[in-house]
Amino acid sequence: HLGLLPVGGMTSARDSLTGAAHAVDVAWHLILPAFTLALPFAAVIARVSRASMLEAAREPFVLASSARGLSARRVVTNHVMPNAMVPVVVLIGQHAATIVAGAALTEAVFGWPGVGYLVLHASLHRDYPLVTATFIVISTSVVLVTALADAVVAWLDPRIRLA
182 HLGLLPVGGM TSARDSLTGA AHAVDVAWHL ILPAFTLALP FAAVIARVSR ASMLEAAREP
242 FVLASSARGL SARRVVTNHV MPNAMVPVVV LIGQHAATIV AGAALTEAVF GWPGVGYLVL
302 HASLHRDYPL VTATFIVIST SVVLVTALAD AVVAWLDPRI RLA
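Each residue of the sequence shown is one higher than the one before, counting from 182 in my numbering.
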C-alpha cells in the first residue's frame with residue numbers, strides 16, 4: 182500500500198474544500214476508477230488503430246498521393262487518418278456503451294455514487310421501479326453514444342449515409 186492515490190470515495194474527508202480545490206480533489210479520486218474502466222479497452226483500441234492505419238496506408242490512393250509529391254504529414258493527416266479512423270470510432274462507440282452499462286461494479290468497488298451503484302442498491306432492495314428507470318437511462322445513454330459514433334463515422338467518411 183503506497184498511498185499514492187485514494188482507493189475509495191468521491192472526495193476526501195475534509196469538508197472545508199470548496200471551488201477549485203474541491204474539483205481537484207474529486208479529479209484526484211477519479212483517477213483509479215477511470216483507469217479501471219478504460220484500461221481493458223485501451224489495448225484493443227490501440228491494436229485496431231494500428232491495424233487500420235497500416236491497412237489504409239497501403240491503399241492505392243495513398244501511394245498516388247505520395248507519388249504526387251505531397252508531404253508525408255499531409256498524406257497521413259488528409260488521406261490515411263480519416264479512412265483509418267472509421268473502424269476505430271465504431272469500436273470506441275461500442276466500448277463507451279459497454280463502459281456506461283458496466284460501471285456498476287467499478288462504482289461499487291471505489292464507492293462512487295453513480296447510476297451503476299444506484300442500480301446495484303436498488304436491485305438489492307427490490308426497488309423495481311427505480312431499477313426500471315435506471316435501465317431506461319442507461320439504455321438511452323447507450324443509444325445516444327452509438328448514434329454519436331455513427332454521426333462521427335458519417336462525418337469522417339462521406340460515402341457512408343445515415344438512414
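No wet-lab data here; the hints were simulated from the structure.
Keep in mind that the hints are not guaranteed to be accurate.
[To be verified] Listed next, with one range per pair, are the computed distances between beta-carbon atoms:
no.: 1; residue 1: R340; residue 2: S197; range: 17 to 25 Å
no.: 2; residue 1: G250; residue 2: A314; range: 56 to 64 Å
no.: 3; residue 1: E236; residue 2: G200; range: 34 to 42 Å
no.: 4; residue 1: H306; residue 2: G184; range: 28 to 36 Å
no.: 5; residue 1: F222; residue 2: M262; range: 36 to 44 Å
no.: 6; residue 1: F216; residue 2: F242; range: 20 to 28 Å
no.: 7; residue 1: Q275; residue 2: L235; range: 47 to 55 Å
no.: 8; residue 1: D338; residue 2: A204; range: 32 to 40 Å
no.: 9; residue 1: S247; residue 2: V318; range: 45 to 53 Å
no.: 10; residue 1: V333; residue 2: S197; range: 24 to 32 Å
All C-beta atoms in this analysis are idealised placements derived from N, C-alpha and C, irrespective of residue type, glycine included.
Quiz item: Where does the structure disagree with the numbered hints, that is, which hint numbers, in rising order?
Solution: 1, 3, 5, 6, 7 and 10
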